[in-house]
Amino acid sequence: MSAWTSPAAIEVESRLFRALAVLRVVVLVNAIGLTIYRAANFDPPVAALVCALVMIGWTAFVLWAYAAPSRRTAVLVGADLAIALGLLLVTPLVKGPGFHASVPGFWVSGALLACAIHYRWIGGLLAGVALAAVDLGLRQEIDQSIYGNAFLLVIGGPVVGYMCESVQRMALERDEAQRAAARAEERARLARAVHDGVLQVLALVQRRGGELGGDAAELGRLAGEQERELRSLIRGEQPGRGSSRGPAHGMADLAADLAALETGSVTVSGPAATVEMPAHPAEEIVAATRAALDNVRRHVGEDARAWVLLQAFPDRVEISVRDEGPGIPDGRIAEAERDGRLGIAGSIRGRIEDLGGKAELITGATGTEWELTVPRTGVDG
Amino acid sequence: MSTVMVVDDHPMWRDAVERDLAGAGYDVVAAASTGREAITRFAATRPDVVVLDLQIPEPDGVQVTTEIVSLRPTTKVLILSASGEQNDVLAAVKAGATGYLVKSASRDELLEAVERVAAGDPVFTPGLAGLVLGEFQHSAATEVRGDKPTLTDRETEILKLVAKGLSYRQIAERLVLSHRTVQNHVQNTLRKLQMHNRVELTRYAIEQGLDGD
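Order-wise, the sequence lines are chains A and B. For the first sequence, position 320 (counting from the first letter as 1) is numbered 320 according to my numbering, and the numbering increases by one without interruption. For the second sequence, position 82 (counting from the first letter as 1) is numbered 1082 according to my numbering, and the numbering increases by one without interruption.
Bound-form chain A, shown alone (with noise of 0.2 angstroms):
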């Protein structure tokens, strides 16, 4: 039972305590009040006078009692209980055996709610039964409206105990969940520490890998690498930034897009904000780029730079893909094209002459250029 005794558990048995005392002043002011109006019932009369100030002093003590956590004892709760229980087996005697009313009358709702509330269903369970049973057992003649104060000590009991396990349960759930929330942004903390740390690591040795050349050269590279995919990483975390997704459903932004093609050799330049296309030209271009930058890999060399640059008008788009290798001799493609060899020619021209645009490759002493114009209106998906 230690879920019962947690700190958030023993919390909520607390605020219920208190608000029982207070219900427990209000029914033995009543019990009191009817106590004095129904003196000439009691013989000897001085009974009733050693009554309510048993219930007085009783309910005193168990206010203090009850307040402190350490003091809920199994002992407490059970003389609550026992002294009600007996105020009950004295009414006979002190009232006689035709009573209509038992002299702690309401007052014994502070016992079966304590039970209630320290031993939840069960306690309020038993409790109901044990004060019924004896009330009715002492009845010479058992009325409606007695028979229901006893239903209602039965099913009062249970569902007040019910209720109480139930505020605690959530208590116990609330606070998993805060403590999960408060732990997973403590691990969101360390990480976006440790991911900085390591982002500069990972750049440092690119920058001194470079200077060393040869195998440092090599690892200075791999490092640069990992640097832009943990980073790339990191800001597809962070909600609303970099990532492609965001446009709306069908749309793509296309400046997203481009730059995810940047490596340790390939440069993406562009505008600062989203460049938001319908997604299948913005696909298309996209693959365009790419069958651009992997001829220049093919034919210049795998570590060949390249620059890819996008510029968003309001009309257009324009991409441009440059490489600084030898390029491609007048009439190549033309010949390429001629003899059925698509290659570049048919999957980057034709991709973006579908799209109503036109694709253009510059070769000249400052290497090879492919210019992409794609109109941004009038074009569907």
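Everything labelled a hint here was simulated from the structure, so no lab data went into it. Possibly wrong hints are sitting among the right ones.
Just the calculated beta-carbon pair ranges, DEER-fashion [to be verified]: (1) A/371 / B/1152: 42 to 50 angstroms; (2) B/1055 / A/73: 24 to 32 angstroms; (3) A/318 / B/1174: 16 to 24 angstroms; (4) B/1024 / A/225: 47 to 55 angstroms; (5) B/1106 / A/287: 29 to 37 angstroms.
Residues from chain A shown here face chain B by an in silico Cβ test under 7 angstroms; the list is partial [what the hints assert, rightly or not]: (6) 260; (7) 263; (8) 270; (9) 271; (10) 272; (11) 274; (12) 320.
Heads up, the beta-carbon is just placed ideally off N, CA and C, and yes, glycines get one too.
Assemble chain B onto chain A, guided by the hints.
Then chain B, alone, in the frame of chain A:
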């Protein structure tokens, strides 16, 4: 030789950059690891060049740039930043930084960049050129009132070539211009971008009723 301050919250990085600069003969007069330290130490040492990481504890690199430029307009700010912080880089350049280099750049690239920035020349990476181009294209498309500076065709052309990875020398060759002219054009685009920012700030101030009327 110019005096330099290095701002980075990673001691390892700060030391590496300091070592490189000192080795090349620069006088590293201060180092700082937070924005607050950077501003106080800047005021005390007044270096010619500040090599600044953007991601530092409060206030961030963009705010530090603004502060430094307003305290001493002749100081040049070179942003040395991890890749993929485009928006911050653009904000820092708008605030007055005249150069940007990624952290993975080699020692030689760093030293060259510091030298150029110290000489008053802007240091543009292709990435930054793409951002600046995008910024002007964006405002050309959305601007109604024509009170913001715009780029000339020549400036746009040069910026495009920078963004496509060409060096100033290659650009000068391709456009049959002098190296100096190319540099001047790049510098102009930067000035216009910063003016841009001031126009935006002024307009904001007027709209918010902060202009004193």
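Task: Restraint satisfaction for residue 271 of chain A [CB to CB of chain B, less than 7 angstroms] - done: 2 angstroms, holds
Task: CB-CB spacing for residue 225 of chain A and residue 1024 of chain B relative to the 47 to 55 angstroms hint - done: With Cβ atoms ~29 angstroms apart, the hint is violated.
- [ ] Given the range 42 to 50 angstroms, decide if the beta-carbon distance of residue 371 of chain A to residue 1152 of chain B lies inside it.
- [x] 21 angstroms, violated
Open item on the list: Just to be sure I understand the hint, the distance between the Cβ atoms of residue 1106 of chain B and residue 287 of chain A should be within 29 to 37 angstroms; is that true here?
Closed with: 33 angstroms, holds
TODO: State, for the Cβ atoms of residue 1055 of chain B and residue 73 of chain A, whether the hinted interval 24 to 32 angstroms holds or is violated.
DONE: About 59 angstroms separates the Cβ atoms of residue 1055 of chain B and residue 73 of chain A, which means 24 to 32 angstroms is violated.
Open item on the list: Quick check on the hint: residue 260 of chain A CB to chain B CB, less than 7 angstroms?
Closed with: 11 angstroms, violated
Task: Cβ separation of residue 318 of chain A and residue 1174 of chain B, checked against the hinted range 16 to 24 angstroms - done: 18 angstroms, holds
Task: Satisfaction of the residue 263 of chain A interface hint, Cβ to chain B closer than 7 angstroms - done: 11 angstroms, violated
TODO: Using Cβ atoms only, decide whether residue 270 of chain A comes closer than 7 angstroms to chain B, and label the hint accordingly.
DONE: 5 angstroms, holds
Task: Proposed interface contact between residue 320 of chain A and chain B, which counts if any beta carbon pair is under 7 angstroms - done: 6 angstroms, holds
TODO: With chain B as the partner, please determine if residue 272 of chain A meets the hint condition of a C-beta pair closer than 7 angstroms.
DONE: Holds: closest Cβ of chain B sits about 5 angstroms from residue 272 of chain A, inside 7 angstroms.
Open item on the list: Would the hint on residue 274 of chain A be counted as holding, given a Cβ-Cβ threshold of 7 angstroms to chain B?
Closed with: 11 angstroms, violated
In the structure shown, a violation is registered for the earlier hints numbered 1, 2, 4, 6, 7 and 11, in ascending order.
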